[in-house]
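Order-wise, the sequence lines are chains A and B.
First residue of the first sequence: 1, per the numbering used here; consecutive thereafter.
First residue of the second sequence: 1, per the numbering used here; consecutive thereafter.
Keep in mind that the hints are not guaranteed to be accurate.
Said to hold, decoys possible - Under the rule of at most 27 Å between Cα atoms (straight-line distance), these lysine-lysine pairs were calculated in the DSSO-like manner:
| id | chain 1 | residue 1 | chain 2 | residue 2 |
| --- | --- | --- | --- | --- |
| 1 | A | LYS149 | B | LYS200 |
| 2 | B | LYS14 | A | LYS129 |
| 3 | A | LYS289 | A | LYS265 |
| 4 | A | LYS239 | A | LYS36 |
Think of the hints as simulated: they come from the structure by calculation, not from any bench.
So the chains spell out like this:
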Amino acid sequence: MSATATTRLQGYAAEPTPAIAVENIIKRYGDFEAVKGGTFRVAEGEIFGLLGPNGAGKSTLIRMMTTLIPVTAGRALVGGHDVTKDPDDVRRMIGVIPQALTSDPDLTVEENLIIYAKLYSVPRVQREKNIAEVLEAVDLTKWRGAQTKTLSGGMRRRLEIARGLVHDPRIFFLDEPTTGLDPVSRIAVWEMLNNLKASRNLTILITTHYMEEADKLCDRIAIVDHGKLVALGTPVELKNSVAGANVVEVRFDRESSDWKERLEKLEGVTSVQPESAGFYRVLSTSGSKTTLDLVHMAAEQGVTLTSLSVQNTTLDDVFVHYTGRQLRDEQVKAVFMMPPRPGVQP
Amino acid sequence: MNRMWAIVEREMRKFFRSPMLMIMSMMLPLVQLVILGNAFGGKITNARVGVVDYDHGPQAVKVREAFDSVAATIRTFHTFDYPDERTAQEAVRTGKLDAAVVIPPQYSRRVYAQDRPQIGLVVDNSDQFVSGSIESEMQSLVNAINAPLVADPINKQVALDVVELFPYINYMKFLLAGSIALAMYVSVMIGGGMLYIDDKARGVHEGYLVTPITRLELVMGLNTAGAIKAVLAGISLTIIGSLMAGLGTIFHPMQVLQLLCIIAVTSIAFNGMMFLMMVRVDDPLVPRAMFGVLNTLLFFPSGAIYPISAFPRWLRAIAIVDPFSYSIHGLQQVLLKDGGWISIYSDLLFLGIFGIGTLLIASSLFKRTL
Chain A
1 MSATATTRLQ GYAAEPTPAI AVENIIKRYG DFEAVKGGTF RVAEGEIFGL LGPNGAGKST
61 LIRMMTTLIP VTAGRALVGG HDVTKDPDDV RRMIGVIPQA LTSDPDLTVE ENLIIYAKLY
121 SVPRVQREKN IAEVLEAVDL TKWRGAQTKT LSGGMRRRLE IARGLVHDPR IFFLDEPTTG
181 LDPVSRIAVW EMLNNLKASR NLTILITTHY MEEADKLCDR IAIVDHGKLV ALGTPVELKN
241 SVAGANVVEV RFDRESSDWK ERLEKLEGVT SVQPESAGFY RVLSTSGSKT TLDLVHMAAE
301 QGVTLTSLSV QNTTLDDVFV HYTGRQLRDE QVKAVFMMPP RPGVQP
Chain B
1 MNRMWAIVER EMRKFFRSPM LMIMSMMLPL VQLVILGNAF GGKITNARVG VVDYDHGPQA
61 VKVREAFDSV AATIRTFHTF DYPDERTAQE AVRTGKLDAA VVIPPQYSRR VYAQDRPQIG
121 LVVDNSDQFV SGSIESEMQS LVNAINAPLV ADPINKQVAL DVVELFPYIN YMKFLLAGSI
181 ALAMYVSVMI GGGMLYIDDK ARGVHEGYLV TPITRLELVM GLNTAGAIKA VLAGISLTII
241 GSLMAGLGTI FHPMQVLQLL CIIAVTSIAF NGMMFLMMVR VDDPLVPRAM FGVLNTLLFF
301 PSGAIYPISA FPRWLRAIAI VDPFSYSIHG LQQVLLKDGG WISIYSDLLF LGIFGIGTLL
361 IASSLFKRTL
């Protein structure tokens, strides 16, 4: 983890009774270390995001915090209870939405909620009240009698969220809740989570590999890569931690072998990343100045600029800065990986 | 306990919402009952027997008249004339005939001279059932021919007087016990084993594991639901099968109670066995692959199709530890013999101990985490 991020973590240690406190947590499968000593705290009422590519260790982290898999070393406190020593106390105060859609397709929306309310021993009167409230919150009241298999993907995801809230938990864990949803449904889920946080004072921990989701939804974000927490902060803090306020994406019709070095020598440029033949992502402290310099440089060298765009720093740039590669590359790679066999630990 | 019943409720709601499981649980045993019940246990009829008569004497005519009598009455076989032994033998070898009878030259003379007269029988022993039936029928004919014309006033031979305790039991009735046990097995395999692993793979169990449900509640919930499904399958097949086979057992309250007890402990035993085998399995292909193997390994050595006493020693060893054996024995005692509690208590005891034992071992192997 970077020095900046570490300093920030130490700062949170002073906060009183965090909803979640994870200290140097490690998970090993044989010789393979899936999580390599993460430390972070989540304050009450916060939406905290774990951002990273597939296989980074986000789900393993969340599974340890929700008592689904044992912790190899380190400690995790959820709601003040140790996940290893008091797993039942932890389970009583958390709601968990796994990555897969696990509501029973043969049961109705209401039946799914009844079963889970019973599993949490919610008293009958309270159960009916809670079910009505959560259905209202996720806008599924008029679908309460519908069989789950007849719902759309977005509605099923909303049902999963309702199921996780049916016992009125204090802390809510969501493992990639918008994966597979269309953009409209994704935004609807974000709005719903924001409303739930406000109306129920929920602490929410969410894993995602969508930068936009982490940026718009989360109060703070921890970037996870290869089982390590490499950076932690608010989206603004993370973006500010990367030298260069702008990203200039530029494409030339041809280039010489020392083209990258030439770009790096331009004034205000903090880093240059070649993307493909003639295409570069240039981080700069001044986008407008660098744009002008690029135009001049191209004219001097007799090279044509085929495209040029300037934008503010994104979380993708933050990810590149801390890991040395792009999150979207990791996602593309993940698409071509064979999925694990059911039940096999990641 | 409420959490355990929540698991049972979920499983049963699914079960009743999808009647396919119930239908599929009973399809195989019912088809087996109808097909095997009618295919086996019947008598051989219309076998083809060639006759080579080198004698043509009065005693040869007597033999042929006896053959004609069989063909006209019980129809075990029909006869066809063949000119010589070699042609007839070739016809048996090529499957045109099931057997050939050779009446040798001088047969009638040897009968009159009491000079060890013989009739040859060539059989196709690649089919033991048909050849055995023809041999048996021929032996009866020969015995009849050998019987003295005037009965000896003093019977010097020992006679066996057979008393049948029960009314005639056809093969379908005999097979019914096995079909009921098989229905429970299929229900446990599909409704217990396969659904359990499928739910695991789909992440449904992950949903359970994040709730405060205890390991015992979860195990008991899953097994209680599995056992209830198997009991329902067993009861359904008992009713349908009894009506098809013509057994009136289901109309006698005490026998119904005994049947329910056997069905209940069988369901617990099968479910415990299944849960033990599946408790550490994650791959949905495993229960599907095991289905046929287990069916053959457990059903056939159980005495459902063929008596255990006819098995070689190693197969009998399987039958001794096979819960199917005890279930089928118990069911046969009630369905076919009305033997009372005394005839089934050892079966109930074994199945109960087997079920609880396997469940306890499975519970200790069950992981509360992923």
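Checked hints:
Between LYS149 (chain A) and LYS200 (chain B), the direct Cα distance comes to roughly 18 Å. Compliance with the 27 Å bound is thereby established for this hinted pair. Distance check on the hinted pair: LYS14 (chain B) and LYS129 (chain A) sit about 25 Å apart at the alpha-carbon level, within 27 Å; holds. For the proposed pair LYS289 (chain A) and LYS265 (chain A), the alpha carbon gap of about 13 Å is at most 27 Å, so the pair holds. This hinted pair checks out: LYS239 (chain A) and LYS36 (chain A) have alpha carbons roughly 24 Å apart, not beyond 27 Å.
In summary, this structure violates none of the numbered hints.
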